[in-house]
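*Asks:* Next come the chains, spelled out residue by residue.
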Amino acid sequence: MVTIEKHVSSAPKLIKQKEFGFSGLQKVAKQSIVLVALFLLWEIAPRIGLVDPAFFPSFSNVVIAWWNLVISGELFTHFLASITRSVSGFGLAVLIAIPLGLIIGWYPLARELLNPVMELFRNTAALALLPVFMLLLGIGETSKIAIVLFACTWPILLNTIAAVGNVDPLLIKSARSMNISSFKLFLKVILPASVPTIFTGIRMAGTGAILVLIAAEMVGAKEGLGYLITYSQYNFQIPEMYAGILTIALLGVLINQSLSMLERKFSKWKQNPNGQN
Amino acid sequence: MATAEKIRFERVTKTFTVRDTEQKGAMKEFTAVKELDFNVKEGEFVTLVGPSGCGKSTLLDLLGGLTTPTRGRILIDGKEITGPGLDRGTVFQQYALFPWKTARGNIEFGLEAKGVPKHERKEQANHFLSLVGLSDFGERYPHELSGGMKQRVAIARSLAFNPDVLLMDEPFAALDAQTRESLQSELLRIWQKTKKTIIFITHGIDEAVYLGERVVVLTPNPGMVKKIVDIPLKNRLEDADIRSHPDFVKARHEVWSLLHEAEYLGANI
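From first to last, the protein sequence lines are chains P and L.
The numbering of the first sequence is the UniProt record's numbering, which starts it at 1 and goes up by one.
The numbering of the second sequence is the UniProt record's numbering, which starts it at 1 and goes up by one.
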């Protein structure tokens, strides 16, 4: 066919994507420059007396403290405690909120009935409920996992409901015109179309999980990164306190990065560099 | 040319209840299409042309079985349409491809809906990919394809489950002029090869005349059949520039004149 070649050459989008690798590298370089500068400032400021080294030890001191915590195995204990709690709460939230959200999103009646309740709960700061969780579930693992579960549930649930509701009606129409059953429509169209939006919720939940957990650990716990921070502060082990904060920051980045990676893997069909589609 | 009747519209009327814009809170009845009454022969290529508001989309939904007429009925092979079915395939203006599936995956989707076993799907998808000239693009996702290529995939997807009737809702309206022209002739080629009955909705007069053996001219608000114009063109594909052929010019003018009569005043053609 004569017309085909014309179309092959008229698909320049593919070439554009390749440039992304290079500009991506540049971007990373640009971002790390500022980060390195920040660490340098952190190092120098206490040394030249810009801030009080007792309250704000230099970066190298913090790193040394961090390394000692690593060697003693103390950091690992706290890290393990925190990660176990957050992963359990987060995992449970994923297992509960996604199926629930799919059902609520699929049935308009369920959505109408539950919407006011969900609005109320999503706008209740999870930490405000921490005392309630502690009263009901004690200060052990259960209350911490429960509050992470609570905090993670809402972003996942609400995004899943929105995802199901926002599937392009034309895609549904197109599938329906092929006479597929409601169940198949759900499985083959609604579900895959919802994945990217659901993942947005999952990523939000991931960030929330750490935030809420650390706060909970600061209030009442015997181990965990949040506990490490408050404990170090009480005992005036300031470098150790910063080491704990640094670890949490790294943990947050790690979780967000791995969730982003997962998201990209599941929604690779969604990348449209030209903003088309 | 087969002459058996394929589709029959029997005084088809569709009304909707819509919000009255003049009276707050009031509802009024809106007639989208009114008293449509015509036949389409088996293997025929019929184009429907009309301005916006002539109920084109409603007509297609009715044919697709996605909605039912308020009065009258539509018959395919003598049987009333009661719902969607794989005897009809629809091609939409906005392609409606599933973005998470590759071109091949999209084509296989309809086959899957039809219950074709997995190993046969691949073979058939290959066949239809090559029919629309996209053999090398099977593994591409829709966002990696140009508009024209997407529409080819959409056409292949609709053809793949082998419907008797192909319903096309302004499929080339979003494409640039050159791509549109090449897809038009390709569609004619596919039509000759597959002998499908095609109902093609457009607002382009040239397109309607070039593709259709008959052009159904519709009026706006409500959509009614104004006239059905026979297009006596032969050799559409052999003649390199059929659009300047006197018969084409004459037919085009006839359709143009019909669309510029009094009742179209102010209509958005």
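Hints are computed from structural coordinates only; laboratory data are not their basis.
Backbone N, C-alpha and C fix where the C-beta goes; we use that ideal spot for every residue, glycine too.
Any given hint could turn out to be false.
[Said to hold, decoys possible] Derived lysine-lysine pairs resembling DSSO-like cross-links, with alpha carbons at most 27 Å apart:
| hint | chain 1 | residue 1 | chain 2 | residue 2 |
| --- | --- | --- | --- | --- |
| 1 | L | LYS114 | P | LYS184 |
| 2 | L | LYS34 | P | LYS265 |
| 3 | P | LYS173 | L | LYS101 |
| 4 | L | LYS41 | P | LYS270 |
| 5 | L | LYS101 | P | LYS184 |
| 6 | L | LYS41 | P | LYS188 |
| 7 | L | LYS114 | P | LYS188 |
| 8 | P | LYS188 | L | LYS122 |
| 9 | P | LYS268 | L | LYS118 |
| 10 | P | LYS173 | L | LYS114 |
| 11 | L | LYS227 | P | LYS173 |
| 12 | P | LYS184 | L | LYS195 |
| 13 | L | LYS101 | P | LYS268 |
| 14 | P | LYS188 | L | LYS118 |
| 15 | L | LYS234 | P | LYS268 |
| 16 | L | LYS34 | P | LYS173 |
| 17 | L | LYS101 | P | LYS265 |
| 18 | L | LYS41 | L | LYS234 |
| 19 | L | LYS122 | P | LYS270 |
| 20 | L | LYS118 | P | LYS265 |
| 21 | L | LYS79 | P | LYS173 |
| 22 | P | LYS270 | L | LYS118 |
| 23 | P | LYS173 | L | LYS118 |
[To be verified] Here are some chain P residues the structure puts well away from chain L; computed CB gaps all over 12 Å:
| hint | residue |
| --- | --- |
| 24 | ALA54 |
| 25 | TRP67 |
| 26 | ILE71 |
| 27 | LEU100 |
| 28 | ALA110 |
| 29 | MET118 |
| 30 | LEU136 |
| 31 | GLU141 |
| 32 | LEU171 |
| 33 | SER174 |
| 34 | SER177 |
| 35 | MET178 |
| 36 | ASN179 |
| 37 | THR200 |
| 38 | GLU223 |
*Asks:* Determine for every hint whether it applies to the structure shown.
*Replies:* Status of each hint after checking the structure:
For the given pair, LYS114 (chain L) sits about 12 Å from LYS184 (chain P) by alpha-carbon distance, which is consistent with the 27 Å threshold. Taking the CA atoms of LYS34 (chain L) and LYS265 (chain P), the gap is near 50 Å; set against the 27 Å cutoff, the hint is violated. A threshold of 27 Å between alpha carbons decides the hint, and for LYS173 (chain P) with LYS101 (chain L) the separation of about 17 Å falls inside it, so the pair holds. For the hint pairing LYS41 (chain L) with LYS270 (chain P), the CA-to-CA distance comes to about 42 Å; that exceeds 27 Å, so the pair is violated.
Using a Cα cut-off of 27 Å, the hinted pair LYS101 (chain L) and LYS184 (chain P) holds, with the two alpha carbons roughly 15 Å apart. Distance hint between LYS41 (chain L) and LYS188 (chain P) is unfulfilled; the C-alpha atoms sit about 35 Å from each other, more than 27 Å. Straight-line distance between C-alpha atoms of LYS114 (chain L) and LYS188 (chain P) comes to about 14 Å, which keeps the hinted pair within the 27 Å bound. With a CA separation close to 18 Å, the supplied pair LYS188 (chain P) and LYS122 (chain L) stays within the 27 Å bound.
Of the pairs offered as hints, the one joining LYS268 (chain P) and LYS118 (chain L) holds, with about 24 Å between alpha carbons and a cut-off of 27 Å not exceeded. Restraint check for LYS173 (chain P) and LYS114 (chain L): the C-alpha separation of about 17 Å stays at or below 27 Å, so the hint holds. This hinted pair does not check out: LYS227 (chain L) and LYS173 (chain P) have alpha carbons roughly 30 Å apart, beyond 27 Å. Between the alpha carbons of LYS184 (chain P) and LYS195 (chain L) the distance comes to roughly 31 Å, so the proposed pair goes past 27 Å and is violated.
For the given pair, LYS101 (chain L) sits about 10 Å from LYS268 (chain P) by alpha-carbon distance, which is consistent with the 27 Å threshold. Taking the CA atoms of LYS188 (chain P) and LYS118 (chain L), the gap is about 16 Å. The hint holds against a cut of 27 Å. Under the criterion of a C-alpha separation no larger than 27 Å, the hint pairing LYS234 (chain L) with LYS268 (chain P) is inconsistent with the structure, at around 47 Å. Restraint check: the Cα-Cα separation between LYS34 (chain L) and LYS173 (chain P) comes to about 24 Å, which is no more than 27 Å; the hinted pair holds.
A C-alpha spacing of about 14 Å is found between LYS101 (chain L) and LYS265 (chain P), which places the hinted pair at or below 27 Å, so the restraint holds. For the given pair, LYS41 (chain L) sits about 18 Å from LYS234 (chain L) by alpha-carbon distance, which is consistent with the 27 Å threshold. For a cut-off of 27 Å, the pair hint linking LYS122 (chain L) to LYS270 (chain P) stands: about 24 Å separates their Cα positions. The straight-line distance between the Cα atoms of LYS118 (chain L) and LYS265 (chain P) is roughly 25 Å, inside the 27 Å bound, and the hint therefore holds.
Among the hinted pairs, LYS79 (chain L) with LYS173 (chain P) is consistent with the structure: their alpha-carbon atoms are about 23 Å apart, no more than 27 Å. With a CA separation close to 26 Å, the supplied pair LYS270 (chain P) and LYS118 (chain L) stays within the 27 Å bound. With a C-alpha separation of about 24 Å, the suggested pairing of LYS173 (chain P) with LYS118 (chain L) holds against the 27 Å cut-off. Every Cβ of chain L is farther than 12 Å from the Cβ of ALA54 (chain P); the closest lies at roughly 56 Å, confirming the non-interface assignment.
For TRP67 (chain P), the shortest C-beta to C-beta distance to chain L comes to about 46 Å, beyond the 12 Å cut-off, and the non-interface label holds. With a least CB separation of 48 Å from chain L, ILE71 (chain P) remains clear of the 12 Å interface cut-off, as annotated. Residue-level check passed: LEU100 (chain P) sits 23 Å from the nearest beta carbon of chain L, beyond 12 Å. Consistency note on ALA110 (chain P): stated as away from chain L, and its beta-carbon is indeed over 12 Å from all of that chain's, at 24 Å minimum.
A cut-off of 12 Å between C-beta atoms confirms that MET118 (chain P) is not in contact with chain L; the least separation is 27 Å. No Cβ of chain L comes within 12 Å of the Cβ of LEU136 (chain P); the nearest lies about 42 Å off, and the non-interface call holds. No beta-carbon of chain L comes within 12 Å of the beta-carbon of GLU141 (chain P); the shortest separation is about 39 Å. Its closest Cβ contact with chain L, about 6 Å, brings LEU171 (chain P) to no more than 12 Å, contrary to its assignment away from the interface.
Some Cβ of chain L comes within 12 Å of the Cβ of SER174 (chain P); the nearest lies about 4 Å off, and the non-interface call is violated. Under the 12 Å C-beta cut-off, the non-interface status given to SER177 (chain P) relative to chain L is violated; the minimum distance is some 5 Å. Listed as a non-interface residue, MET178 (chain P) fails to keep its Cβ farther than 12 Å from every Cβ of chain L; the least gap is roughly 5 Å. Distance check for ASN179 (chain P) against chain L: the nearest CB is about 4 Å away, which does not clear 12 Å, and the non-interface claim fails.
Every C-beta of chain L lies more than 12 Å from that of THR200 (chain P), the closest at about 16 Å, which supports listing it as non-interface. Distance check on GLU223 (chain P): its Cβ is at least 43 Å (rounded) from any Cβ of chain L, clearing the 12 Å threshold; non-interface status holds.
When held up to the earlier numbered hints, the structure conflicts with 2, 4, 6, 11, 12, 15, 32, 33, 34, 35, 36 and fits the remainder.
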